[in-house]
Amino acid sequence: MTVQMPDPHVFEPAPPQAELIPLLNLDEQEVDRQMRICNACRYCEGFCAVFPAMTRRLDFGKADIHYLANLCHNCGACLHACQYAAPHAFAVNVPQAMAKVRGQTYAEYAWPARFGQLYRRNGTFVAVALALALSLFLLLALQVNGTLLPGRLAGDFYAVFPHNTLALLFGGVFSAAVVALAVALRRFWRTVSPTQARQPANGALPEAASAVLTLKYLDGGHGQGCNNADDRYTLWRRRYHHLTFYGFMLCFAATVVATGYHYLLGLHAPYPLLSLPVVLGTLGGIGLIVGPAGLLALNLRRAPEHGDAAQRPMDRAFILLLLLVSTTGMALLALRDTGVMAILLAVHLGTVMALFVTLPYGKFAHGLFRSAALLKFAIEKRRPDPHSLGGD
Amino acid sequence: MIDVLVIGGGNAALCAALMAREAGASVMLVEAAPRAWRGGNSQHTRNLRCMHDAPQDVLVEAYPEEEFWQDLLKVTDGQTNEALARLVIRASSDCRGWMRRHGVHFQPSLSGALHTARTNAFFMGGGKALVNAYYRSAERLGVQVRYDSPVCDLELRDGRFIAAHLAARDVDGRRLPAERIEARSCVLAAGGFESNRQWLREAWGQNDRGEWPADNFLVRGTRFNDGALLRRMIDLGADTIGDPTQAHMVAIDARAPLYDGGICTRIDCVSLGVVVNRDGQRFYDEGEDFWPKRYAIWGRLVAQQPGQVGFSIIDQKALGRFMPPVFPGTRADSLEALAVALGLPVPAFLETLRAYNQACRPGTFDHTRLDDCRTDGVQPVKSHWALPIDKPPFFGYPLRPGVTFTYLGLRTDATAAVHFAGRPSPNLFVAGEMMAGNVLGKGYTAGVGMSIGTAFGRIAGTQAAAAAGHCISPLEAQYDCANA
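Those sequence lines, one after another, are chains A and R. The working numbering puts the first residue of the first sequence at 1, with every later residue one more than the last. The working numbering puts the first residue of the second sequence at 1, with every later residue one more than the last.
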């Protein structure tokens with residue numbers, strides 16, 4: 001008779017998850033090294049949230065580093081003010097060290113996990129997505145009408161693409177993007193926030209929301225703005241970002257209102273120029289042209305030592321995609337009664353589709369991770385400081 | 001010919017250049033360092049000690065003139081000039097509006113520096129942010145700024161400034177020729193001699209043990225303050241003040257870089273434990289007073305020890321109660337293992353700790369006030385915060401003297417004039433570390449270096465502009481330049 005030996009693994013107690021200290025990779029070790037220097041100096045405490053969050057810690061584990069990396073807005077203030085920046089042997093460059101880890105966190109928390117690599121060659125990913133989406137809509141238009149130049153259609157978009165096809169296509173892709181982002185965000189939140197520190201205390205949520213919506217930490221701590229090309233301060237990055245973000249939200253609102261008109265009120269496009277969806281879309285479109293154009297100009301003049309040069313393609317690809325969406329959208333509005341409407345519509349829908357597809361695996365994610373980090377900061381600062389430093 | 005030549009590139013030089021330019025003078029500022037290292041020791045500073053009679057934006061309560069003066073009197077042991085000191089103190093009360101106009105931002109005390117919330121206005125981003133702001137303002141106003149331009153000699157005639165000389169030099173692989181720069185007047189603000197190791201060696205000499213103590217000093221400040229101009233002025237017969245061994249000198253981590261260690265190399269746990277020397281012996285009351293009031297004496301204390309080294313020893317109880325040091329401490333689970341790891345003689349070290357631990361009297365520990373935890377029956381005593389060092393893990397941090405800036409300088413008066421045989425020069429002025437010794441004969445109190453640099457930098461700039469024929473209105477200057 002043979003005795004079935006128990007699988008030894010079954011009896012080996014699994015080490016409790018909380019006691020496992022994940023090893024830091026090279027870029028995380030660099031943040032750890034720099035934070036130890038910064039924590040002994042603290043001159044930059046007034047600039048942003050990163051340094052007050054740092055002073056609550058004496059050691060920097062992986063979760064702390066991921067949190068701080070996403071709290072950093074890459075404003076550059078601490079680099080230009082740093083007595084330990086290169087050529088000093090300490091070579092402190094917090095915006096750069098944080099940016100490198102930040103880029104990795106996007107990939108690390110992405111869902112599905114294997115899509116995380118899309119962050120690595122993001123410029124290529126966006127370009128391919130754009131090419132495919134454009135081809136899709138151009139071919140679709142060709143198939144429906146037999147020509148890309150069907151003559152004047154009096155702004156009737158649904159003569160080119162049936163409404164239900166569009167609703168299905170965009171609804172499906174957008175929902176998938178929302179789910180992917182939500183899962184990624186949840187994974188990030190659970191990692192950086194231990195269970196007891198997840199519940200927002202009174203006022204934490206409004207404070208975090210305000211920091212997000214006003215871009216509080218691009219004001220330099222003194223209201224004169226952040227750094228771009230050199231040690232001078234500028235408010236333009238904040239302004240262009242506002243135009244971009246609120247432009248995006250207005251365009252999104254236009255789509256929501258139009259969908260409501262269509263299904264609830266039975267009002268079908270094209271809508272008059274002074275109708276709510278068109279006004280919202282036009283205002284948003286202007287924001288989405290001026291904002292990204294400005295951000296691109298600033299990005300091209302950015303001090304080379306700011307941030308992670310390897311992420312420039314991702315930043316610029318996202319900006320260019322937004323610009324394409326807004327310019328084609330505005331062109332479509334202007335020329336909707338002409339013979340090129342069908343081809344413009346196909347191009348516009350192709351760019352929007354590319355934007356939706358790349359949302360969860362591109363620059364867009366920074367907004368969500370940053371917001372989560374700001375919420376954690378707002379919660380954390382309402383708790384007693386774990387250390388009572390006599391110091392000086 | 002330019003009106004005013006400012007030699008130096010730190011806070012005092014920039015204040016002088018800005019004031020002279022505002023008075024209408026054409027100004028050139030020559031900084032010895034390359035652009036990346038500009039700003040002298042000012043890039044390592046963080047605040048300005050300010051007199052104020054009532055709460056003022058970032059400053060709480062009041063810090064009246066008399067209290068500021070008493071503090072200065074105490075740390076200098078009376079080695080100060082009361083008239084000049086009071087001038088600095090009063091200037092510190094109303095210079096911040098001007099500083100703000102030139103782009104300096106202030107903020108309340110940093111975390112871990114709450115003792116200074118009443119007395120010191122902190123620069124947002126620290127001294128380098130201040131220096132950057134002043135350079136931007138200077139360039140905007142049309143001050144000519146030149147980097148990589150150390151002045152090696154001055155041409156004087158009967159105590160009158162004629163021209164400055166730059167030696168031929170290599171900059172980024174390019175050979176620049178020697179130059180002679182004439183100006184109607186000149187401000188010297190080129191710092192002390194702290195990074196001139198030979199001069200430090202000579203000044204400190206050889207001790208009874210046959211050591212050259214200064215060879216073991218680290219320089220917390222800039223690597224560019226070689227004192228060449230100060231030495232030249234002394235050779236040219238300028239009146240001097242101060243003792244060359246006196247300096248802002250604190251005990252810093254022995255592993256700090258040779259130059260530019262700045263703030264983060266300090267060790268803040270001295271008052272929470274004991275400090276022993278290379279022989280394992282304690283040598284001073286670690287709990288005499290709050291650390292911010294004592295850190296400035298520990299550089300000299302360590303300098304007097306064999307090998308110019310000390311070791312701050314703490315146990316687990318001190319963790320989280322002091323600013324985290326930049327380098328990790330040596331950690332051990334027993335005092336014996338710690339002594340071995342630090343290379344200290346084990347029996348002597350253990351005996352020192354035994355005697356100390358036994359002498360600790362029970363009390364209520366509170367590191368935020370002068371508590372009643374003291375030793376009894378051990379020499380030297382520890383007056384406050386004396387808890388037995390008995391809870392592992394134990395940590396040790398090696399200490400060395402760290403020089404921030406030296407006090408030997410040029411004698412001056414309320415007009416910032418350089419003096420020759422007791423007579424003021426009509427067009428040569430001095431500011432900053434090159435004259436700080438007039439106010440600071442010894443000792444230090446946080447932020448006063450910037451108070452001196454700002455006050456005398458502004459005076460020197462105004463006087464230099466006046467000497468070149470540009471008189472700022474007394475209303476703006478708040479004193480009468482006709483008295484110059």
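Bear in mind the hints are in silico, worked out from the structure with no lab data behind them. Computed from a predicted structure; not experimentally measured. For each residue, glycine too, the CB sits at the ideal point set by N, CA and C. Treat each hint with caution, since some may be false.
[To be verified] Each pair of labels, with its calculated beta carbon distance range:
| # | chain 1 | residue 1 | chain 2 | residue 2 | range |
| --- | --- | --- | --- | --- | --- |
| 1 | R | 24 | A | 210 | 54 to 60 Å |
| 2 | A | 229 | R | 307 | 44 to 50 Å |
| 3 | R | 35 | A | 206 | 39 to 45 Å |
| 4 | R | 393 | A | 91 | 54 to 60 Å |
| 5 | R | 174 | A | 120 | 37 to 43 Å |
| 6 | R | 174 | A | 182 | 36 to 42 Å |
| 7 | A | 186 | R | 351 | 30 to 36 Å |
| 8 | R | 243 | A | 206 | 57 to 63 Å |
| 9 | A | 286 | R | 139 | 32 to 38 Å |
[As the list claims (entries may be wrong)] Examples of chain R residues toward chain A, derived with CB under 7 Å:
| # | residue |
| --- | --- |
| 10 | 43 |
| 11 | 124 |
| 12 | 125 |
| 13 | 126 |
| 14 | 128 |
| 15 | 203 |
| 16 | 205 |
| 17 | 228 |
| 18 | 259 |
| 19 | 263 |
| 20 | 316 |
| 21 | 324 |
| 22 | 414 |
Evaluated hints:
1. About 46 Å separates the C-beta atoms of residue 24 (chain R) and residue 210 (chain A), a value inconsistent with the hinted range of 54 to 60 Å.
2. At roughly 49 Å, the beta-carbon separation of residue 229 (chain A) and residue 307 (chain R) lies within the given 44 to 50 Å, and the hint holds.
3. Between residue 35 (chain R) and residue 206 (chain A) the C-beta distance comes to about 44 Å, which sits within the given range of 39 to 45 Å.
4. As the Cβ distance of residue 393 (chain R) to residue 91 (chain A) is approximately 30 Å, the hint placing it in 54 to 60 Å is violated.
5. In this structure, residue 174 (chain R) and residue 120 (chain A) meet the distance hint of 37 to 43 Å, their C-beta atoms being roughly 41 Å apart.
6. Distance hint for residue 174 (chain R) and residue 182 (chain A): a CB-CB separation of about 58 Å, inconsistent with the stated range 36 to 42 Å.
7. Range check, residue 186 (chain A) to residue 351 (chain R): Cβ separation about 59 Å, and the 30 to 36 Å hint is violated.
8. A beta carbon spacing of about 59 Å between residue 243 (chain R) and residue 206 (chain A) agrees with the range 57 to 63 Å that was offered as a hint.
9. At roughly 36 Å, the beta-carbon separation of residue 286 (chain A) and residue 139 (chain R) lies within the given 32 to 38 Å, and the hint holds.
10. Checking residue 43 (chain R) against chain A by beta carbon gives a least distance of about 5 Å; that is within 7 Å, so the hint holds.
11. Checking residue 124 (chain R) against chain A by beta carbon gives a least distance of about 4 Å; that is within 7 Å, so the hint holds.
12. At its closest, the beta carbon of residue 125 (chain R) sits 3 Å from a beta carbon of chain A; the interface hint therefore holds under the 7 Å criterion.
13. The interface hint given for residue 126 (chain R) is met, as the beta carbon of that residue sits about 3 Å from the closest beta carbon of chain A, less than 7 Å.
14. Look at residue 128 (chain R): its Cβ gets to within about 5 Å of chain A, closer than 7 Å, so that hint holds up.
15. Of the supplied interface hints, the one on residue 203 (chain R) is violated, with its beta-carbon coming no nearer than about 26 Å to a beta-carbon of chain A, more than 7 Å.
16. Below 7 Å, beta-carbon pairs count as interface contacts, and residue 205 (chain R) has none with chain A, the closest being about 30 Å; its hint is therefore violated.
17. Annotation: residue 228 (chain R) was flagged as interfacial toward chain A, and the flag is violated, the nearest CB pair being 22 Å apart, outside 7 Å.
18. A distance limit of 7 Å between C-beta atoms decides the matter here; for residue 259 (chain R) the minimum to chain A is near 9 Å, and the interface restraint is violated.
19. Restraint check, residue 263 (chain R) versus chain A: the minimum CB separation of about 5 Å is within 7 Å; hint holds.
20. This hint is violated: residue 316 (chain R) has a C-beta 13 Å from the nearest C-beta of chain A, more than the 7 Å allowed.
21. Taking 7 Å as the C-beta cut-off, the interface hint given for residue 324 (chain R) holds, the closest approach to chain A being about 5 Å.
22. With 7 Å as the threshold, the beta carbon of residue 414 (chain R) stays out of range of chain A, its nearest partner Cβ sitting at about 32 Å, so the hint is violated.
Hint check: violations occur at hints 1, 4, 6, 7, 15, 16, 17, 18, 20, 22; the rest are consistent with the structure.
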